[in-house]
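Colleague: For the record, the sequence lines run as chains E and P.
For the first sequence, the positions run 128 to 302 when this note's numbering is used.
For the second sequence, the positions run 2 to 162 when this note's numbering is used.
Keep in mind that the hints were calculated from the coordinates and are not lab data.
Predicted model only: the values in this text are computed from it and were never measured.
Possibly wrong hints are sitting among the right ones.
[What the hints assert, rightly or not] Short, incomplete list of chain P residues facing chain E, as computed with Cβ under 8 Å:
| id | residue |
| --- | --- |
| 1 | Thr18 |
| 2 | Leu25 |
| 3 | Leu27 |
| 4 | Arg56 |
| 5 | Ile159 |
[To be verified] In silico DSS-like cross-links for lysine-lysine, where the CA-CA straight-line distance does not exceed 27 Å:
| id | chain 1 | residue 1 | chain 2 | residue 2 |
| --- | --- | --- | --- | --- |
| 6 | E | Lys292 | E | Lys254 |
| 7 | P | Lys105 | P | Lys120 |
| 8 | E | Lys245 | E | Lys232 |
| 9 | E | Lys293 | P | Lys48 |
| 10 | E | Lys261 | P | Lys73 |
| 11 | E | Lys287 | E | Lys254 |
| 12 | P | Lys73 | P | Lys51 |
| 13 | E | Lys232 | E | Lys293 |
| 14 | E | Lys292 | P | Lys120 |
| 15 | P | Lys48 | E | Lys287 |
| 16 | E | Lys293 | E | Lys254 |
| 17 | P | Lys120 | E | Lys293 |
| 18 | E | Lys261 | E | Lys232 |
| 19 | E | Lys245 | E | Lys287 |
| 20 | E | Lys287 | P | Lys51 |
| 21 | E | Lys293 | P | Lys51 |
| 22 | E | Lys293 | P | Lys146 |
| 23 | P | Lys146 | E | Lys245 |
| 24 | P | Lys48 | E | Lys292 |
| 25 | E | Lys245 | E | Lys293 |
| 26 | E | Lys292 | E | Lys245 |
| 27 | P | Lys81 | P | Lys146 |
| 28 | P | Lys105 | E | Lys292 |
| 29 | P | Lys120 | P | Lys73 |
| 30 | P | Lys146 | E | Lys261 |
| 31 | P | Lys146 | E | Lys292 |
| 32 | P | Lys51 | E | Lys245 |
Just so you know, even glycine gets a beta-carbon here, dropped at the ideal spot from N, CA and C.
Each chain is listed here by its residues.
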Amino acid sequence: MPRRRVPRLESEVTLPITPMLDMAFQLLAFFVFTFNPSALEEGAIDLNLPAAGMEKAPTIEQVQSPDADVELPKDVDVTVRVRTQAGGRGEITGIEVEYLRPAAKVVIEGNDEDEFIKNLRNHLTEKHASLVNKDDIKIEAAANLKNGRLLKVVDACTLKGAGFKKVSFAPPPSL
Amino acid sequence: MGRRLTSEPLKADPNLTPLLDVVLQLVMFFMISVNFVAQQFNVQDVKLPKAQSARPLDPAETDILILNINSKGEIVQLPKAGDPNPEPISEPADIRYFINEQAKHFRALAAERGDRSGKLTTLVIIRASENTEYQAIYQVLRYCKDAGFTRLQLRAFIENR
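Taking the hints into account, I'd like the entire structure generated from these sequences.
Modeller: Here's what the structure looks like:
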């Protein structure tokens with residue numbers, strides 16, 4: 128009872144939590160909407176440029192580099208030719224592997240796309256050890272081959288597949 | 002109880018502090034897990050293919066030119082300050098012109114940095130849609146080479162299998 132008589136100063140400081148909560152909800156909503164748990168990480172595949180003068184020269188002897196100080200790329204031993212059905216949706220209908228030293232052509236057997244890729248991978252893996260240039264491989268695809276399928280062929284040729292390090296692209300036969 | 006009803010109104014303030022704690026925790030979680038880097042150069046109609054041979058990116062690379070190619074083989078430009086919605090470049094002649102202009106621009110930048118060799122060391126990053134045809138990609142590669150670019154990279158999502 129005596130306590131009541133003492134005059135007390137009511138100076139209670141309250142932190143206004145509601146605006147802070149509002150803001151926190153705004154932030155939460157923003158991050159929830161931008162959240163993408165299945166986001167795939169973007170990666171890079173290094174390419175070799177198409178060799179100088181390659182498109183126009185009809186024979187290898189006529190190929191000339193426009194700049195003398197440009198280091199000409201090493202001979203690529205293996206060329207993978209990917210065929211598709213003309214006018215189709217760009218499915219792989221045939222794969223042929225051409226070797227430079229010694230000159231040879233191998234047709235990859237297969238019934239569907241996955242089988243072609245699998246057989247190509249097995250074939251290249253087998254041959255890889257006996258090649259002079261183990262780093263470079265050239266891919267010549269039909270004009271309407273889709274990028275997604277092209278990369279499957281690249282996968283079969285490179286580190287996760289046969290073990291080639293650099294891929295270069297040759298002009299499609301129709302060009 | 003009867004006394005309270007007559008003297009002062011019943012106050013029922015919810016305690017917001019634990020709620021705020023939880024919300025801030027969630028904000029932190031989503032903030033940390035968000036990844037803007039990959040979306041930096043993303044444009045709407047380019048859906049990258051997946052590849053196992055794709056390697057992680059090198060963030061130190063700054064001298065870069067991004068070429069987004071959509072499924073029709075057109076170059077999609079990134080939005081710019083004066084042009085938020087640039088038209089895609091579809092004609093081969095225009096694509097060639099565009100790449101040549103970019104080459105000029107990057108040569109000028111290199112000269113500003115004091116590089117007098119005239120060589121283009123800019124990394125050209127080709128982000129082609131998974132439905133882009135080989136012909137379109139090859140054309141862009143060739144134009145890049147003709148324009149003097151020496152380093153090229155193809156982008157894909159890293160597929161782990």
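Colleague: Regarding the pair E/Lys245 and E/Lys287, is the alpha-carbon distance no greater than 27 Å?
Modeller: Measuring from Cα to Cα gives roughly 12 Å; hence the hint holds.
Colleague: Can you verify the interface hint for P/Ile159: is its Cβ closer than 8 Å to any Cβ in chain E?
Modeller: This hint holds: P/Ile159 lies near chain E, its Cβ roughly 4 Å from the closest one there, short of 8 Å.
Colleague: Taking 27 Å as the top limit, are the C-alpha atoms of E/Lys293 and P/Lys146 close enough?
Modeller: The hint holds at about 17 Å.
Colleague: Decide if the proposed pair is consistent with the structure: E/Lys261 and E/Lys232, CA atoms, cutoff 27 Å inclusive.
Modeller: Status holds; Cα separation ~18 Å.
Colleague: Would the hint linking P/Lys81 and P/Lys146 be met if the CA-CA limit is 27 Å?
Modeller: holds, 25 Å
Colleague: With the threshold set at 27 Å, check whether the alpha-carbon distance from E/Lys232 to E/Lys293 stays at or below it.
Modeller: holds, 21 Å
Colleague: If you draw a straight line from the CA of E/Lys292 to the CA of P/Lys120, is it 27 Å or shorter?
Modeller: holds, 24 Å
Colleague: Checking one constraint from the list: CA of E/Lys292 to CA of E/Lys245, max 27 Å. Satisfied?
Modeller: Satisfied, since the Cα-Cα distance of roughly 19 Å is no more than 27 Å.
Colleague: Can the restraint linking P/Lys48 and E/Lys287 be considered satisfied, given a maximum Cα separation of 27 Å?
Modeller: holds, 23 Å
Colleague: CA of P/Lys105 to CA of P/Lys120, is that 27 Å or under?
Modeller: holds, 11 Å
Colleague: Is the Cα-Cα distance between P/Lys120 and E/Lys293 27 Å or less?
Modeller: Holds - the C-alpha atoms of E/Lys293 and P/Lys120 are around 22 Å apart, at most 27 Å.
Colleague: For a C-alpha distance cap of 27 Å, please report whether P/Lys51 and E/Lys245 respect it.
Modeller: holds, 17 Å
The structure shown violates the earlier hints numbered 10, 23, 28, 29.
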